[in-house]
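**Q** For the sequence shown, the working numbering gives the first residue as 1, with consecutive numbering after it.
Source of the hints: derived by calculation from the structure; they are not laboratory data.
Treat the hints with care, since some could be wrong.
[To be verified] Once the Cα atoms are required to be at most 27 Å apart in a straight line, the calculated DSSO-like pairs of lysine-lysine come out as:
#: 1; residue 1: LYS211; residue 2: LYS253
#: 2; residue 1: LYS211; residue 2: LYS251
#: 3; residue 1: LYS87; residue 2: LYS109
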Amino acid sequence: MNERLVRKVLLRRGLVNEAALTHLVADAERRGDTLEHAVLRARVIPADELNSLLAEELSVPYIDLANYVFEPETVRLVPAETARRYKVIPAFHIGDSLTVAMANPDDIKAVDELRRVTGRNITPALSSAIDIERAISEQYGAPVNQAADVAAALSEFDSHELTLELSPSLAARTDEELADEAPIVRFVNDLLAQSVRDHVSDIHIEPDEQKLRVRVRVDGELRISAMVPVRLAPAVVSRVKILARMNIAEKRKPQDGQFEVPATGRTVDVRVSSFPTVAGENLVLRLLDRSSVMIGMDELGFDPATLARFQELLRRPYGIVLVTGPTGSGKTTTLYAALQTLNSETKHIMTLEDPVEYRLPLIRQCQVNPRAGVTFASGLRAILRQDPDIIMVGEIRDPETAEISIQSAMTGHLVLSTLHTNDSAGAITRLVDMGIAPFLVGSGIAGVLAQRLVRKVCDRCRVTFRPEPGLLKATGLPSDTLLSRGQGCPRCRNSGYRGRIGIYELLIVDDQVRRLTMDRTPSTEISNYAVAHGMRTMRDDCAEKVRQGTTTVEELARNTATGH
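Whenever a hint applies, use it, and build me the whole structure from the sequences.
**A** This is the structure in structure tokens:
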């Protein structure tokens with residue numbers, strides 16, 4: 001968007017004064033970013049309102065592409081190369097008139113080129129640049145070689161002789177000075193923007209002896225995003241550490257930091273972790289989209305019966321409800337959905353988290369800070385003096401936290417927490433193994449929800465097929481089952497999958513489970529009893545989603561163990 005236009009709208013509408021505008025411009029220049037992003041980062045005005053004002057100033061319509069449904073025949077009117085070059089996406093056409101969403105509607109050159117390649121009259125409309133790039137990525141697919149874009153940015157280093165071999169003076173420059181070079185700033189910004197558009201959950205920046213490898217995790221799977229010359233590793237790492245307000249001079253100790261990335265109408269939190277390796281500092285950036293976790297219980301993938309039983313657990317006045325699973329299995333999302341269900345002006349809800357990933361209205365949230373003496377155990381003791389009705393403990397990591405949580409549940413509080421176990425029954429034996437008295441475990445726990453995340457078949461390229469009988473027999477599916485899979489398309493980046501959904505098993509602790517717990521019965525026997533009395537295992541839940549065409553047999557085999 002034309003920066004002059006953004007300045008004009010901000011001042012004319014009284015959104016900022018001259019001093020504030022100067023500060024925003026300086027912030028944008030310092031970060032190598034646009035003024036529009038600086039405005040959104042400072043939360044001067046929501047993205048949709050800013051775009052509406054800009055469109056009004058330009059006398060063009062504004063199209064919100066966040067949930068826009070594109071018609072394939074309309075998209076095909078504009079070649080992918082043209083769409084990417086001018087940052088445009090065709091929205092709809094009526095007769096000979098084609099309405100095109102543009103980041104810069106007053107770009108006469110782009111309008112003329114669109115008129116030439118489509119043979120139609122062009123009606124420009126304004127949309128967010130980030131939304132347009134996301135739509136281009138989804139509708140046309142990624143460029144054949146995304147690394148080519150990276151190479152183009154990195155080539156600027158060679159053209160400016162920014163290498164130790166060609167520029168001896170560079171040896172005297174600090175990592176911070178290198179990190180502020182425009183190509184490095186642009187590379188990191190592009191990496192973050194692309195990751196937000198592609199719904200990446202984690203970015204791994206990994207130095208090796210020859211290359212700096214960048215990998216991203218999408219739908220639980222890691223894939224290589226870019227390979228960067230290793231000589232640029234210090235600058236790239238320093239740039240990220242500067243954004244995260246970390247100490248760039250400290251390279252021998254692990255560090256943590258965070259920053260925010262503005263997206264369309266929302267903000268994505270980025271948590272950064274550095275770790276020293278023999279090849280250099282390894283960075284992992286976790287992208288936390290606040291909008292993705294703020295979803296209802298009915299959107300998580302529960303079958304109706306399991307959802308009803310889980311909601312019944314949440315309505316209990318006291319007891320512990322545990323959510324278990326490995327890292328990245330969606331436990332936090334489930335807990336936040338549960339808290340939203342419980343949240344009301346008549347309930348005092350407090351949380352103890354490490355870290356506080358998302359802010360929830362009305363709920364009192366606390367960040368664990370061991371340096372200040374706030375651990376899960378000490379924080380939980382203090383919370384009990386705050387007259388809570390419901391307590392959420394981010395994770396039970398040690399016997400002390402476990403014991404205090406159970407005692408809290410037995411003294412009239414509903415406690416929600418997580419534990420790392422493979423299945424629901426394993427949570428009970430894990431607590432006993434931690435040294436908690438079996439009678440306390442049996443009396444305190446109301447139920448355990450175990451979960452995993454499986455990849456969903458892409459809706460755009462889904463096909464149905466009849467599999468080999470041996471495949472169905474090996475997975476325990478009926479011989480007449482028709483399966484679904486994705487053929488691969490630009491929208492799913494030819495993976496056949498897009499998005500993930502939960503699979504669950506819910507163990508309700510009844511009198512018999514309490515007796516088995518007090519007898520120190522192995523978890524397999526507890527699980528066998530629960531299955532015999534109606535518990536649906538994660539494997540059964542996943543198999544049903546395979547039958548429904550939601551996921552695939554491969555995901556069933558990859559995420560669940562054989563058995564019940």
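**Q** Run every hint past the structure and note whether it holds.
**A** Each hint, compared with the structure:
1. LYS211 with LYS253: Since the Cα atoms of LYS211 and LYS253 sit roughly 22 Å apart, the hinted pair holds (cutoff 27 Å).
2. LYS211 with LYS251: Holds, at about 19 Å.
3. LYS87 with LYS109: holds (12 Å)
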